[in-house]
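K.L.:
The residues making up each chain are set out below.
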Amino acid sequence: MKKYKKHSLLLLVIVMFILPLLLDIYWLDVLTLVLFYVVLTQGLNIVVGYTGLLDLGYAAFFAVGAYTTAILMTTFHWSFWLTLPVAALFAAVAGIIVGTPTLRLRSDYLAIVTLGFGEIVRILAINLDITGSSSGIYGIPRPTIGSYVLSSQQDFYYLILIVAIISVLVVYRLGHSRIGRAWVYIREDEDAAEAMGINRIRLKLLSYATGAVIGSLAGSIFAVKMSAIAPLSFSFLQSVMILLAVVLGGLGSIPGVVIGAALVIVLPEVLRGAEDWRYLIFGVALVIMMIFRPQGILPKKYETEDRSDLDEKEETNDKDHSMSV
Amino acid sequence: MDVFLQIFFDGLVMGAFYSLIALGYTMVYGIIKLLNFAHGDFYMLGAFIGYALLSFITGDGGLNAGLLGIGAVFIITMIIVGLAGIGVERIAYRPLLTAPRLSILITAIGVSLSLEYASMIGWGASYKVYPIKLSKNGLEIIGAQISFAQIGLIVLSALLMLGLRLFIEKTIYGKAMRAIALDQSACSLMGINVYRIISLTFFIGAFLAAGAGIMSGVYYGTINFMMGFIIGLKAFTAAVLGGIGNITGAMIGGLVLGLVESYGTYYLGGSWKDVLAFGILILFLVFKPTGILGAKEMERM
Amino acid sequence: MRKHSMIALGFVLVLSLFLSACSSKTGSGDNASGDEILVGVLLPVTGNNATDGKDMLNAMKMAVEKINSDGGVLKKKIKLEVADDGCDPQMATTAANKLVSKKVVAIVGGYCSGSTLPASGVFHNANIPMIVAAANSSELPKQGYDTLFLINGLVPDQAQSGADYFKDKGAKNIAIIHDNSAYAKDLADFAKKSVEENGGKTIAFEAINPEEKDFGSLMTKLKSLKPDGTYFTGYYAAGGLMLKQFKQKGVSGSFMVGDGSYSPDIIQIAGSEAANDLLVTATPTANFIPGAEEFVNNYKSKYNLSPGPFSALSYNGMNLLVDALKRADSTDQDKLKKALKETKAFEGIGQVIEFSDKNTLNQSNFHVMKVVGGEFTLEK
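Residue numbers (this note's numbering), protein chains in the order written: chain A, 1 to 325; chain B, 326 to 626; chain C, 627 to 1006.
One or more hints might be untrue.
Dumping the calculated DSS-like pairs for lysine-lysine here, alpha-carbon to alpha-carbon at most 25 Å [to be verified]:
1) C/LYS970 <-> C/LYS701
2) C/LYS964 <-> C/LYS705
3) B/LYS461 <-> C/LYS873
4) C/LYS852 <-> C/LYS873
5) C/LYS852 <-> B/LYS461
6) C/LYS873 <-> B/LYS458
7) C/LYS729 <-> C/LYS705
8) B/LYS453 <-> C/LYS926
9) C/LYS996 <-> B/LYS453
10) B/LYS453 <-> C/LYS873
11) C/LYS961 <-> C/LYS703
12) C/LYS849 <-> B/LYS461
13) C/LYS702 <-> C/LYS692
14) C/LYS967 <-> C/LYS952
15) C/LYS849 <-> C/LYS818
16) B/LYS458 <-> C/LYS849
17) C/LYS728 <-> C/LYS687
18) C/LYS680 <-> B/LYS453
19) C/LYS701 <-> C/LYS961
20) C/LYS996 <-> B/LYS461
21) C/LYS819 <-> C/LYS849
22) C/LYS793 <-> C/LYS819
23) B/LYS453 <-> C/LYS928
24) C/LYS768 <-> C/LYS819
25) C/LYS1006 <-> C/LYS873
26) C/LYS729 <-> C/LYS967
27) C/LYS984 <-> C/LYS768
28) C/LYS964 <-> C/LYS984
29) C/LYS996 <-> B/LYS458
30) C/LYS818 <-> C/LYS984
31) C/LYS852 <-> C/LYS996
32) C/LYS984 <-> C/LYS819
Derived from the structure by calculation, the hints contain no laboratory data. Remember, it's a predicted structure, so these values are computed and weren't measured experimentally.
Please construct the entire structure, taking both the sequences and the accompanying hints into account.
P.N.:
Quick look at the structure:
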């Protein structure tokens, strides 16, 4: 059973690596966007799915990554690879900055603080000169490996595919580590978790920071892939779409979130022919989906019978089945 | 001219809109703990239905409809949108009342998208110009101007809010609402029809938002299908600022937000006023997390 | 059980992607080789800017119809492939890639500068020439792409014409307001520069949020600054409301808007009374151009609408492309690029197109228009 699953996963990865040879440039671009969303949703999954902190401003971390890389590469002529740790550092700091005031807040206030933070980052990007104000930053150079310049669609597809695979693995491993279990514990019962010796503050901040770092990584690659970034890409709607992917797929569930990411990107593209109708169809589909399957497409399987509870509870007698990837 | 007072009036007008919309957010939240993201779209819907009715009675020619006609349009529109509110609650939210909170949030986003784009298909993407025009006449108070339209707007929203307060404090339905906000299951044990009261809450929220929608159409003159989005976000902010779940808090939150933005525009410039508004909100939440008038109890998530 | 379903779902997803990719490949295999030439159109046909986008598309369709009924070009018919950019950079890149994958010969379009910027990079990488009919941020030519051709007048020229007009009228203290869109910010920056070079003073440089409706406190601020002239560089929806509130508050001086607000809608939104004496810096539309009556009449009878602010430019863009295709005598991209570059005195509606070394217009055609009695008239 387990073996079979591993083989299937391996096959899936191989298919993903072969796909660019078969796809035309448009679908390759769509698929690349899906992979960006896979990375972003993995990051948000830590914050919302594991730790249970509702974040409505996640695009801000995406922006921090994109702008850090863009500014360092255009103004200071850094190599792309060197900008990554700096962007990650900035994002982690930003994550802690948002996290700190929210530690004492309950979920709905948390939602509005993160929303406010997201908006502030976007407005800063619009108004500051260093971020190129409204037109953003353009002419971001292509990254190089040795003498090879990453420039084609395929190159970026492979780059983001590798990052996506790494982020899935990292988030999966984190979720099954002591830290991950502590996060879930905080989500389920914060006071009990604290009583059991879990450092609530440190772990919550760690959750924000880890989520932010993963988001910034996607942002950095986004900047070099697009070669031009503008504040419009980091709007509230972007945050909502990322959250949508996480919830649609199934909170806390890695394969679910991957599928959620694919749906959120692919569905509007498939509906492109429907022009005016596409967002209406999308909206109605969301409502129907939530009515008939509110736990998401592929929920994390430890679901309790108690549906009236707001959050899912983890079953502890489930060690053998806890591999959910 | 007294600039300080003038900006106060400008802020008051904006604040009146925020308050009216924030009320719906806060009521729905108070009762079923749902952040109804689609709430701003009831405001949009109100503006559009009011537009359609007004165009109909003025024969699309921009003739003056008469005060009676406008009043009738106001009431009919608010009732239609209120019913739409009940419909949305029945179709989209009721099946999910016991589901995880995030699912219902996503549903709200879905409803919001559906309402926006259905309006776009129905009325088109371009800006519509309201068929009635307001006179520019007004008063001067210590050098600051305030037009009759602005006075009317502020008075009308104050009346609507006052009516709501009376309704909640004095009527049996209001009592039921307050009871449900405290303990839903105890209420159903006491024989209160909880679902009906929830429907009523949605009706009132949408009703008030629709009123704000028409007022905005008449006052500013243009409407379009995305108009509910930004103001919905702002009203949400106002509701939290005032202490979400608290009716008086929502009114005060709306006015405070309007004034902050107004003074922010004057002293800091238009591009920074949103930073100021959100910044104050965050500071507030850090130091007084329950908002200006929020309940004392604090619950961790 | 659930694992199986997950794997199955994953594969179905991949498979469906793959299949749709295949079908789109077979669907558009023979663009230039068959009896059709596929031309890509990149415009916002949904979202807030859909109105102008559709006006532009209409004009392009009209041009194509005429070309095809005259026998087409290179013995082939022209077919348009429309992709919606929604004025959103991310959507625009995907849309641009879609057009590239359909193997279009060239692109006409580009409305919002913010979304045209990243899209132009995609076309540059694919070596596909793009004729930009409306977007004219100065950031576009700065990229130095040899595939990008701008046929709308440039922002610095427009800013200059506005500043010169103020100077002629003796307006010294100018307030400048933009809406934080890439284009409006660009125009505002240049306007500030031009005003100051002309010896004037920028007494306010403000930004608004284009979705907002209440500019009351901003107008109060302006009023206290007593400007001789106010220049708003954003789009008409906010422009109309601002103009109305500008008049209501009784702010001093004249009100001028950029070509993003050059639309009859601004008069309708502000009301004809408030719109009186409104100034606009713009390239005159077909209505004001001698010899363009035919275009205007055809457009009106076909779509039952007046042409939009960029309809004539879009019409010209499509015709310019056909002209270049004829001169290149091929759909080969390098030859087409060369032919476009070598355009000599191409006569469009209301403009003569020749490109500078930066692939921008050699001479812009900006004028100041004034609203009199609810109609635009040529002022200078």
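K.L.:
Each hint should be assessed against the structure and marked as holding or not.
P.N.:
Quick rundown of the hints versus the structure:
{"no.": "1", "hint": "C/LYS970 <-> C/LYS701", "result": "holds, 23 Å"}
{"no.": "2", "hint": "C/LYS964 <-> C/LYS705", "result": "holds, 22 Å"}
{"no.": "3", "hint": "B/LYS461 <-> C/LYS873", "result": "holds, 9 Å"}
{"no.": "4", "hint": "C/LYS852 <-> C/LYS873", "result": "holds, 13 Å"}
{"no.": "5", "hint": "C/LYS852 <-> B/LYS461", "result": "holds, 21 Å"}
{"no.": "6", "hint": "C/LYS873 <-> B/LYS458", "result": "holds, 14 Å"}
{"no.": "7", "hint": "C/LYS729 <-> C/LYS705", "result": "holds, 12 Å"}
{"no.": "8", "hint": "B/LYS453 <-> C/LYS926", "result": "holds, 21 Å"}
{"no.": "9", "hint": "C/LYS996 <-> B/LYS453", "result": "holds, 23 Å"}
{"no.": "10", "hint": "B/LYS453 <-> C/LYS873", "result": "holds, 21 Å"}
{"no.": "11", "hint": "C/LYS961 <-> C/LYS703", "result": "holds, 19 Å"}
{"no.": "12", "hint": "C/LYS849 <-> B/LYS461", "result": "holds, 17 Å"}
{"no.": "13", "hint": "C/LYS702 <-> C/LYS692", "result": "holds, 13 Å"}
{"no.": "14", "hint": "C/LYS967 <-> C/LYS952", "result": "holds, 14 Å"}
{"no.": "15", "hint": "C/LYS849 <-> C/LYS818", "result": "holds, 19 Å"}
{"no.": "16", "hint": "B/LYS458 <-> C/LYS849", "result": "holds, 23 Å"}
{"no.": "17", "hint": "C/LYS728 <-> C/LYS687", "result": "holds, 19 Å"}
{"no.": "18", "hint": "C/LYS680 <-> B/LYS453", "result": "holds, 17 Å"}
{"no.": "19", "hint": "C/LYS701 <-> C/LYS961", "result": "holds, 18 Å"}
{"no.": "20", "hint": "C/LYS996 <-> B/LYS461", "result": "holds, 23 Å"}
{"no.": "21", "hint": "C/LYS819 <-> C/LYS849", "result": "holds, 23 Å"}
{"no.": "22", "hint": "C/LYS793 <-> C/LYS819", "result": "holds, 13 Å"}
{"no.": "23", "hint": "B/LYS453 <-> C/LYS928", "result": "holds, 23 Å"}
{"no.": "24", "hint": "C/LYS768 <-> C/LYS819", "result": "holds, 18 Å"}
{"no.": "25", "hint": "C/LYS1006 <-> C/LYS873", "result": "holds, 23 Å"}
{"no.": "26", "hint": "C/LYS729 <-> C/LYS967", "result": "holds, 21 Å"}
{"no.": "27", "hint": "C/LYS984 <-> C/LYS768", "result": "holds, 8 Å"}
{"no.": "28", "hint": "C/LYS964 <-> C/LYS984", "result": "holds, 13 Å"}
{"no.": "29", "hint": "C/LYS996 <-> B/LYS458", "result": "holds, 23 Å"}
{"no.": "30", "hint": "C/LYS818 <-> C/LYS984", "result": "holds, 24 Å"}
{"no.": "31", "hint": "C/LYS852 <-> C/LYS996", "result": "holds, 22 Å"}
{"no.": "32", "hint": "C/LYS984 <-> C/LYS819", "result": "holds, 22 Å"}
Checked against the numbered hints above, the structure violates none of them.
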